[in-house]
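Enquirer: So for the sequence shown, my numbering puts the first residue at 304; every next one is plus one.
Because the hints were derived from the structure by calculation, they are not lab data. Any given hint could be a false lead.
As the list claims (entries may be wrong) - With beta-carbon atoms standing in for the labels, derived distance ranges: (1) VAL415 x VAL339: 18 to 26 angstroms; (2) ALA351 x GLY408: 33 to 41 angstroms; (3) THR357 x LEU423: 30 to 38 angstroms; (4) VAL415 x GLY360: 16 to 24 angstroms; (5) THR434 x TRP356: 31 to 39 angstroms.
Source: prediction; values computed, not measured. Where a beta carbon is used, it is the ideal one built from N, C-alpha and C, also for glycine.
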Amino acid sequence: MTNPPMIAAASALPLLLRRAATVLTVLGVAMVPWLVFLHTGLPATDQASHWAWTWTGLDSAEALGLFSTGLLLGRGDCRACLTSAATSAVLLVDAWFDTMTAAPGSDFTSAVLMAVFAELPLSVACAVLATRTFPRSGR
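Model the full structure from these sequences, guided by the hints.
Expert: Set out below in C-alpha cells:
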C-alpha cells in the first residue's frame, strides 16, 4: 500500500494553512460539550421521537469533519481537501435544517444568527480550503 500524497511537509506549510489546521482541530474538539448539551437539552416530541439524536448526529459530523480536516492539514496530507469539502456540505445542510425547523420567535432568530455568523462562514471557509488544497499536477 502506498502512502497518500502530501500537500507539503507539515513544517513547510504556509503559516495560514498551519493556523487553519490548528483552528479547525480545536473547533472539532470544542464542539464535544455542545454535542452533550444538544443531546441532553433538546426536547423529545411525538412527531420526531429521535430529535436529539438527529441534531447530535448532524453536529457530530461537523465536529468530525473539522477535526479530521485540521489533523490532515496539520500533517500536510492532501486528503484534507476531501474532508474539508464534506464538512462544508454538512455545515450548509445544518444551517438549512436549523433555520427550517426552528420554532417561530427567538428559536428562529437564534437559528438564523448561528447560520449567518457560524455555520455559513465556516462552510465557505471549508469550501475555499478544499479548492486550495486540491492536488493538481505540476504543483
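Enquirer: Can the suggested window of 31 to 39 angstroms be confirmed for the beta-carbon pair THR434 and TRP356?
Expert: About 33 angstroms separates the Cβ atoms of THR434 and TRP356, which means 31 to 39 angstroms holds.
Enquirer: Given the hint of 30 to 38 angstroms, check if THR357 and LEU423 actually sit that far apart at their C-beta atoms.
Expert: violated, 20 angstroms
Enquirer: When you take the CB atoms of ALA351 and GLY408, is the distance between them in 33 to 41 angstroms?
Expert: Violated: the Cβ-Cβ distance is about 19 angstroms, outside 33 to 41 angstroms.
Enquirer: Would you say the C-beta atoms of VAL415 and VAL339 sit inside 18 to 26 angstroms of each other?
Expert: holds, 24 angstroms
Enquirer: Quick one: are VAL415 and GLY360 within 16 to 24 angstroms, going by C-beta?
Expert: Taking Cβ atoms as reference, VAL415 and GLY360 lie about 22 angstroms apart, which means the hint holds.
Hints 2, 3 from the list above are not met by this structure, while the remaining hints are.
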